[in-house]
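Novice: Chain residues, written in single-letter form:
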Amino acid sequence: MLWERFRHLLGETFLNFRRGGWGVIASIGAIAIAFLVTGIFLLLTLNLSTVVARWAEDFQVVVFLDDTITKKQRTLVQKRLDGEMAVRDVTYLSKKEALADFRRKIRGQESLLEGLKTNPLPASFQLRIREQYQTADVLGHLAASLKRMEGIEDVLYGQEWVERLTSLIEVMKILGIVIGGVLGVASLFIVANTIRMAVYARAQEIEIMRLVGATRAYIQIPLILEGTLQGGLGAALALGLLYALFRGTLWQLGTTASMIFAGTELTQFLEAEYRMAMVGLGALLGGVGSLVAVRRFLKV
Amino acid sequence: MLWERFRHLLGETFLNFRRGGWGVIASIGAIAIAFLVTGIFLLLTLNLSTVVARWAEDFQVVVFLDDTITKKQRTLVQKRLDGEMAVRDVTYLSKKEALADFRRKIRGQESLLEGLKTNPLPASFQLRIREQYQTADVLGHLAASLKRMEGIEDVLYGQEWVERLTSLIEVMKILGIVIGGVLGVASLFIVANTIRMAVYARAQEIEIMRLVGATRAYIQIPLILEGTLQGGLGAALALGLLYALFRGTLWQLGTTASMIFAGTELTQFLEAEYRMAMVGLGALLGGVGSLVAVRRFLKV
Amino acid sequence: MIQMFHVSKTYPKDVVALSDITLHIQKGEFVFLCGPSGAGKTTLLRLIFRDELPTDGQILVNGRNVVRLRESKLPALRRSIGVIFQDFKLLMDRTVYDNLHLVTRVLGIPETISRRKIGRLLKEVGLLQKADQIPYSLSGGEQQRVAIARALVSDPAILLADEPTGNLDPDLALDVMRLLAEVNIRGTTVVVATHNPKLVAEMGHHTLILKQGRLVEEIP
Amino acid sequence: MIQMFHVSKTYPKDVVALSDITLHIQKGEFVFLCGPSGAGKTTLLRLIFRDELPTDGQILVNGRNVVRLRESKLPALRRSIGVIFQDFKLLMDRTVYDNLHLVTRVLGIPETISRRKIGRLLKEVGLLQKADQIPYSLSGGEQQRVAIARALVSDPAILLADEPTGNLDPDLALDVMRLLAEVNIRGTTVVVATHNPKLVAEMGHHTLILKQGRLVEEIP
Ligand SMILES: Nc1ncnc2c1ncn2[C@@H]1O[C@H](COP(=O)(O)OP(=O)(O)OP(=O)(O)O)[C@@H](O)[C@H]1O
Ligand SMILES: Nc1ncnc2c1ncn2[C@@H]1O[C@H](COP(=O)(O)OP(=O)(O)OP(=O)(O)O)[C@@H](O)[C@H]1O
Ligand SMILES: [Mg+2]
Ligand SMILES: [Mg+2]
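In the order they appear, the protein sequences are chains A, B, C and D. Counting in the working numbering, the first sequence runs from 1 upward without gaps. Counting in the working numbering, the second sequence runs from 1 upward without gaps. Counting in the working numbering, the third sequence runs from 1 upward without gaps. Counting in the working numbering, the fourth sequence runs from 1 upward without gaps.
One or more hints might be untrue.
Derived pair list, reagent style DSS-like, types lysine-lysine, alpha-carbon separation capped at 25 Å [unchecked claim]:
| id | chain 1 | residue 1 | chain 2 | residue 2 |
| --- | --- | --- | --- | --- |
| 1 | D | 211 | C | 198 |
| 2 | C | 123 | D | 13 |
| 3 | B | 71 | B | 95 |
| 4 | C | 13 | D | 123 |
| 5 | D | 123 | D | 89 |
| 6 | C | 89 | D | 89 |
| 7 | C | 89 | C | 117 |
| 8 | B | 95 | B | 79 |
| 9 | C | 198 | D | 198 |
| 10 | A | 147 | A | 72 |
Simulated from the structure, these hints should not be mistaken for laboratory data. In this text, all values refer to a predicted model and were calculated from it rather than measured experimentally.
One chain only, chain A, in its complex shape (with noise of 0.2 Å):
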């Protein structure tokens, strides 16, 4: 008897489906196309945070030090930043290898180095930072620290690089916020609108309906599954065009992308948990919108 009746249910709202007609494509059209954007600034965002994510490891702090450092200050300055949190690794240059290394970059100006007595390069420690901790701040506090250190010569970090890359993730964030915002708010408004556009438009049949014995859930679940299927089938076909444009785009710029991305495992594609939940709030938003238009309209 349940079974039946919720049989019933299912087939009604593909009825109503069925029936909408044009309507139904122009709701799960809109829906997809909210869909759409909010996906491709979310796939925007992940790719490029990580792009920049990655740019940003190469950017080192470089600690000199003294030419006049015993063995054991080395190692306890090697022990500090091992146990440093923000430091993710640390490599030890050698002035041999720091001189070296200087007559790689100047490359094709070698005969500068030509009349070198001693070696005036100094030992360093070059550290990578972790991400979280790339700002202009924890560094500055870092470095301030390591100076106080016996044995330490000098701590030099890229400044202004560091504080560019910091402030672009925090642009990024805030717009992705707002843009977010925006069009979740448009998402909800679209869909809210379409179904009540439907329950509109199914007024008569819904008075109908009630002026014959309907009950309340009889009338009003079929309308919200039928919100709820649009949201989710306006999500899924907004995964697919993005998709589609995803790939597109990739192909449009060839090696173009391999050159930025290069060495990254870039151009990645939404996760199948973000997938899932694009659609399960794209189902969500039509259901919650349907039951919205549906009390709303619905009252006496």
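Given chain A, put chains B, C and D with the ligands in place with the hints provided.
Specialist: Chains B, C and D with the ligands in isolation, oriented as in the chain A frame:
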């Protein structure tokens, strides 16, 4: 008489407008959202491409000169460079200036240069390249043809950076086109659907008007004007919201923004022409959407 | 079956549609409700299936107090009442069959039974060959007969017919009245609102006459 | 005024509504169009104001060939014809006044004249005090009278009335018929489709009788 009729049509439009109630608000809202999202993209693209362009300007091509170059040869090279389309400006850097520069660059390790008898650094021309020529291709050709000139020892350019920036701009352009296209279609879709709903909601009134002898124009013009008005208002609303968002984001970012965009006259809002174009486009979209919906629905 | 005690109905803007109506309609009766345009006939019928609530007074239908009826009990009341609306209330974009089918679906009547029943009723009102057309493409009288068939498809205990013959020619009107009489004989309580005094005279049933919202005469 | 030559109308699915109708209605005449439900009365009226085109035959209205009428001339034709629709076709969400006002606006009648005219007509059908209500809150008969008033507001040369008294009690029906007769006396050609034979008998006018789409009788 004509004026009378025109006034009547306007009056009719506003009457319909008032009567539309929630539907009209929903419609304007939908259009505003479409434009808002498009506007956000426009603003981002505009501002970011300015940033990239400024950053790109820093990248130079350096033409190293033979130590044996004659004055005449140098003048010849200078002339050639001045005549080059791709080159925006040329600065001469003598051997002495080059060494001073280098000394500045290796600050802290000046001791390296202490043993030098002669100046091993070559004189050079520092070129700044016009934006539109900053592609690996153009610069590669330029470098090759310059190298063939007498008195030129080598040509260096930041190949990697040029390529990165070039492809970043390319990605942004493609994304801009794709997203702009999607949103353009979406806007038209929303407007046409909204007007379709409006026509649909007024189907009975329209039928009665036709039956009592209203002309086609009498029925259609107010609907089309209404669509135009809705489109224009939606776009204007979007512009307002966009400005608020823009100000709000700037405020949120505070000094951070000025840090990234330092030196560039950035964080600019859309220019007057863009703003007018947006409102105009909104009105046009609204009008065309209505026209399509009206023609379609009122065929018979 | 239907009892009203001092019932009044005032619409907004102080439009008095009914005042102080007391009446009693027995189970299985066939009652005419007469009166000029605007007398309150439709309003009285709408009170019975609780489409409106009275401003005053009590109404008992089938032993249930309609005025105090809880929302959850409303569907049960309405399922037991068939209504032929004065303005038909047909869905103009569904076929005649689907218009009737809507009711059997709401009532949960199994498909096979529903199909047979709809077929029989459409035959009785002479519209079997129009089953697949939409009401929009039917004449006024044909639409009215669809409305009549729809009201009967649920085998209601009470049938309320609001001007069911306004768009029918005299012959058809008599046919329809005979159909209602038949339904009545099978046990349904029937209330017919009409201003066709000829019909009332011919049928000779219990008649209530309304004038300006008051019950002015009762012919048993 | 209205001439039909061998006019036939077949709706989709081979529904023959009219076949081979030839008739002539003089300027200033008052004609009844009778026949059972589905006989084709409404269809015949719809052909006159070109709401439908005939499948065959020619129709002259006011000297214009309606069948060959160019689209741009259609509004002029319709402005000269007032129609009382069988299903009223009122806007349920506008006041009675606005429903009539819609017509005077379409016709471009100046506000002051329009206001006076609407007031007078509403008074004649007895609805002046309901001018600011929406038709939804009116009784069936009241709605019908609004439809009648609306058809008259344009002072049409031809008035087509489709079952204008179906929802009216005999007294009101007679009043309305008298109103139509008055309009006729002032020069308007009036065609009334009805299945109320009593009315026809009482008024005693030129009568056309349709049966199954054929003109079976003509009582001059
Ligand atoms: N929803 C409503 N709101 C306000 N007034 C209403 C409403 N429904 C009916 N009325 C008024 O109540 C009175 C009685 O209306 P009702 O419809 O009951 O008359 P009726 O007897 O059915 O008339 P008819 O024979 O013309 O259908 C009328 O004056 C009408 O205008
Ligand atoms: N739009 C349409 N499409 C298809 N068939 C139609 C359409 N309009 C009317 N018919 C059919 O044409 C025939 C004549 O209809 P019409 O409305 O002219 O009858 P009528 O004489 O006005 O009847 P009534 O008195 O019931 O209003 C009917 O059988 C009807 O079903
Ligand atoms: Mg009534
Ligand atoms: Mg008819």
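Novice: Does each hint hold? Answer for all of them.
Specialist: Going through the hints against the structure:
{"no.": "1", "hint": "D:211 with C:198", "result": "holds (23 Å)"}
{"no.": "2", "hint": "C:123 with D:13", "result": "holds (20 Å)"}
{"no.": "3", "hint": "B:71 with B:95", "result": "holds (14 Å)"}
{"no.": "4", "hint": "C:13 with D:123", "result": "holds (20 Å)"}
{"no.": "5", "hint": "D:123 with D:89", "result": "holds (21 Å)"}
{"no.": "6", "hint": "C:89 with D:89", "result": "holds (14 Å)"}
{"no.": "7", "hint": "C:89 with C:117", "result": "holds (21 Å)"}
{"no.": "8", "hint": "B:95 with B:79", "result": "holds (20 Å)"}
{"no.": "9", "hint": "C:198 with D:198", "result": "holds (10 Å)"}
{"no.": "10", "hint": "A:147 with A:72", "result": "holds (17 Å)"}
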